[in-house]
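S.K.: Just so you know, the sequences run in chain order A and B.
FYI, the numbering for the first sequence is 8 to 414, going by the numbering used here.
FYI, the numbering for the second sequence is 550 to 1096, going by the numbering used here.
Don't take every hint at face value.
As the list claims (entries may be wrong) - Facing chain A, according to a computed beta carbon distance under 10 Å, are these residues of chain B, among others: (1) A640; (2) L686; (3) R691; (4) L744; (5) D748; (6) R749; (7) S895.
Keep in mind the hints are simulated off the structure, nothing from the lab.
Just so we're clear, the structure is a prediction, and the values are computed from it rather than from any experiment.
Glycine is no exception: its CB is placed at the ideal position from the N, C-alpha and C atoms.
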Amino acid sequence: MPHTRYIIGFTFLGILLACRDQPEPTRVTPGSGRIILNDSTIKAGDSLSLRIQLSDEQNIYTLVWRDLAASTCFAIRGKDTILEISPFLTGNAGQKHLYLTHSGEPIDHQSIMIQPGPPSNYIESYLGPKTILFASKESSMLVMIPTDQYLNPVSKGTEVTVKEESGESDQQLSYTTRHGYAAHLINSSEHAGRRIFGGFTTNAGTIQQDLLVQSGWPVSFQLVADEYFPFADGRSVTKFSSEVLVDRGDNPIKDGTLINLSVYEGELLIGHFTGKTVNGRVSFHVLNPGHPCLRTYIALSTSGQKSNPISINYDEYQIRLVVRYNQDLKGIHVGPVQGNLGQLVPEGTRVTLEIFGNEILEIVEEELIKGEVFFSISKYMLPSGSYTATVSVLGVNEMITLEILGE
Amino acid sequence: MKKTHRRIIVHVTTIFVIALIVGLFGQIWSYFKSGATFSELKAIDEELWKVYDPVTTWDSAGLAEGLPMDHFTREDVEQAYLRAWHSLHLAGRTGNLELLEDYFSGPCLQHLRHLLNGDDEFFTERVNLKHNIRLNLFSLDRQVVAFTDSAMHAVVRITNGVTDQLLLHNHSEESFEVIMTLDDGHWKVRHMSHLQSTDRAMNDAPHSISGIRRNLKGVNYYPSASPWFSFWTDFDTLAIAEDFELIKELELEAIRIFIPYSTFGKNQVDQVYLQRLNQLLNLAVSFDLLVVPTLFDFPEGYQINHYTQTRRHLIEVVDRFQDHSHILAWDLKNEPDLDFEVYGQSTVLEWLKLMIATIREIDPSKPVTIGWSKPTSAHLLADKLDIISFHFYGQPSHLVTQTDALRQKVDPEKPLWLTEFGKSSLNSFFFPGGVSEAEQAAYIQNVLFYAQKAGVNSNFVWTLHDFQRIPGGVFGWKPWIRKAQKQFGLVNAAGIRKKSAQVILDQEQISDTRNSWTWLIKPFYFTCLLVLFLAVMLARRISKGYF
Chain A
8 MPHTRYIIGF TFLGILLACR DQPEPTRVTP GSGRIILNDS TIKAGDSLSL RIQLSDEQNI
68 YTLVWRDLAA STCFAIRGKD TILEISPFLT GNAGQKHLYL THSGEPIDHQ SIMIQPGPPS
128 NYIESYLGPK TILFASKESS MLVMIPTDQY LNPVSKGTEV TVKEESGESD QQLSYTTRHG
188 YAAHLINSSE HAGRRIFGGF TTNAGTIQQD LLVQSGWPVS FQLVADEYFP FADGRSVTKF
248 SSEVLVDRGD NPIKDGTLIN LSVYEGELLI GHFTGKTVNG RVSFHVLNPG HPCLRTYIAL
308 STSGQKSNPI SINYDEYQIR LVVRYNQDLK GIHVGPVQGN LGQLVPEGTR VTLEIFGNEI
368 LEIVEEELIK GEVFFSISKY MLPSGSYTAT VSVLGVNEMI TLEILGE
Chain B
550 MKKTHRRIIV HVTTIFVIAL IVGLFGQIWS YFKSGATFSE LKAIDEELWK VYDPVTTWDS
610 AGLAEGLPMD HFTREDVEQA YLRAWHSLHL AGRTGNLELL EDYFSGPCLQ HLRHLLNGDD
670 EFFTERVNLK HNIRLNLFSL DRQVVAFTDS AMHAVVRITN GVTDQLLLHN HSEESFEVIM
730 TLDDGHWKVR HMSHLQSTDR AMNDAPHSIS GIRRNLKGVN YYPSASPWFS FWTDFDTLAI
790 AEDFELIKEL ELEAIRIFIP YSTFGKNQVD QVYLQRLNQL LNLAVSFDLL VVPTLFDFPE
850 GYQINHYTQT RRHLIEVVDR FQDHSHILAW DLKNEPDLDF EVYGQSTVLE WLKLMIATIR
910 EIDPSKPVTI GWSKPTSAHL LADKLDIISF HFYGQPSHLV TQTDALRQKV DPEKPLWLTE
970 FGKSSLNSFF FPGGVSEAEQ AAYIQNVLFY AQKAGVNSNF VWTLHDFQRI PGGVFGWKPW
1030 IRKAQKQFGL VNAAGIRKKS AQVILDQEQI SDTRNSWTWL IKPFYFTCLL VLFLAVMLAR
1090 RISKGYF
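Between the sequences and the hints, there should be enough to build the whole structure, so can you do that?
M.R.: Encoded structure:
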């Protein structure tokens, strides 16, 4: 192989050429640079023009736009560069920092304050509590947070006006924002009802906020026995109702307010009922006692206000009872059974018949229909003789003698 | 009949095996399909939030509008606010914005999505070290809260995600006006206005060096039976008292001890361990020993996300003992330069700078140092430290040149401390490089001689005891390393002083010395000779045809 040495020689030469260091462009050691800002304060969303001057043209520098937990970086090369910052970055208000860096070392630092724009469109508002008690120490608060079009809370000192409509007097108050918000304190009013609030600035407003001022506790009230039957008839009902309950500002108290009714017999508390107000009134239906007595009824609100006491004397319930023995029909006719007023006793009243000889022979119970009932005794196959029959209705007994004759 | 039986057995066995396989497969399938258990999720959740632990104060000056805030609501608001920031930090670091929805709402959430959805090329890490909250409003219905977070200390680090090049590491003092609302029972940040921020210079300037003790003789200390982590877990005051007596007998004036970061409870420092440290310091008082506590032994990381945790740990430990008369100096970190390779030099140095500034805030009266692993690293942050300290395990004669080189780079007036030096007296039959006790003593004598020559002011020998056992987590599994680490002591595991103890005792009249003749006789050489002898015997037998 006569050419072997040439092949080897050229190969080595090739390797040497390939491995030779490529000439690099002359690098200048990074020097100084500066960021030039026309203005240190701009409005949110404004475009921003930066001028960056560097001491050399070769090196790449980095401009860092620092914002909260995020940064945007721009590679800068050239002695004099104009950089346009878009509203994408300037929309978020607050202080931003600009660092011109090289290899992790800040060369220049500038900061720019982005001020929020004017209030725009909608003012965030929070009203709470939504209900307060009439003429009390309770109060509510309307918090308003006006924002600009980029949703930044507006600058300190922005005027916000609060208007109120409550049906009787309208109010208007102005506040200036501090710490990003304005707060309107609402105290309880003398009248219960709905109060409407709204806040506004020159270009923006809140949504309507409603506050309900609830009536207070009822003051003392009158209770009336609307319907009653003053006899010791356990089936009858005494009906009570109140006038419209009002608080001390004459506001009808709210529906659903609990009122208690206490029932006394003499000094003894024998019953306790609870009712709720509907349309400002409360009513109770209480069964009559089954025995003659004097009852006193007193209604009591949960705040401790009492109604007038109502006393009703329940007399013994008197009835007239006619009992006849009908020899032909072989039965006992009971009726008419009438009450004190001559009225027929209610349908379905139970009538008990007991027939005695030397011992009790039969006990039968029937219901009155239109004040009468007929007991047929032929079916009992009583032997002829004399018997005593007792008819009992509503605690009243009537006794007759039966003479049963043979067929 | 037999055939039928056999068939039945085969079929039953087949069915059983198939059922077993299906059951096993089902178990494996359900295991991989099952999600995390509640306790696992809770642990993950707790771990996620525990790492962010900034110092938060509530400024009670001035009257806020609305209701006075009760303690429970304040805790709720504070926790939600801090978690909001942490979720923002995580979003900046990971690019995952989902977590933001739990702690931000409305316009603020929109702004943040807008900001964080930007450039992926640059990697922004941020952490707030301190919050100072002043309440402005707590609405009457307890649904809106507004406050100013002023003088917030924030750290921002921006790197190029592609090249990993650091673009900015910046400390700033920032103020925010924040409005939070109660959404479905959770406080969320609805508005956050960035009022102002200024670059923050850290107060990390060193003290006047006149008050710092020089010419101290000391020792690195662990008890013989419980070195490293077990020092604190198996704390034994009797053993420590005996050791302190021994240290005094060796005419040493100071000890260097280590505070393991995880054992002490990281940011939630365990009071039990603080109490034990207090007991040790009280013992040091009774024996008139000065103490150099070395903080952050075995930290979990130096990155920005560890800042609040480590800072809280530092505050808790240093604040408790800042007035202690027998703490000589705080050694901030043991050999941080060994972590440069893993975490990056700038990351470690920035963390150290922050910790120096923090320790100066809490305890401005005590000197601060860092125990660099070698003199060639000790110039780092020298302008911020009161004492330049380093370790040396090399050739004694090199100490002078290396110290001279260091002196060129640092303030020559600053004290130079040699906080670790020594040699293991492991002289094993099985491992080469054995050192006799006489050689160990000669090495220590030479280091002391050259240290004196180099103008090193104080020295702390490594270590008082040989150890009975070495924790595996510290030195790995290799027996030649573990065994060597056991035998660096001045006193052996049986409690008998080695020759090196006498050298330490006599160090006032130190001179250089030649290596002891014992280097000629090493157990390992006998092992080599024995192996050689056996090999020759074997060769001869082979040559004679015995095999």
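S.K.: Would you mind marking each hint as holding or not holding in the structure?
M.R.: So, going through the hints one by one against the coordinates:
| no. | hint | in the structure |
| --- | --- | --- |
| 1 | A640 | holds (7 Å) |
| 2 | L686 | holds (6 Å) |
| 3 | R691 | holds (8 Å) |
| 4 | L744 | holds (7 Å) |
| 5 | D748 | holds (7 Å) |
| 6 | R749 | violated (12 Å) |
| 7 | S895 | holds (7 Å) |
Violated hints amount to a single one, hint 6; each of the other numbered hints is respected by the structure.
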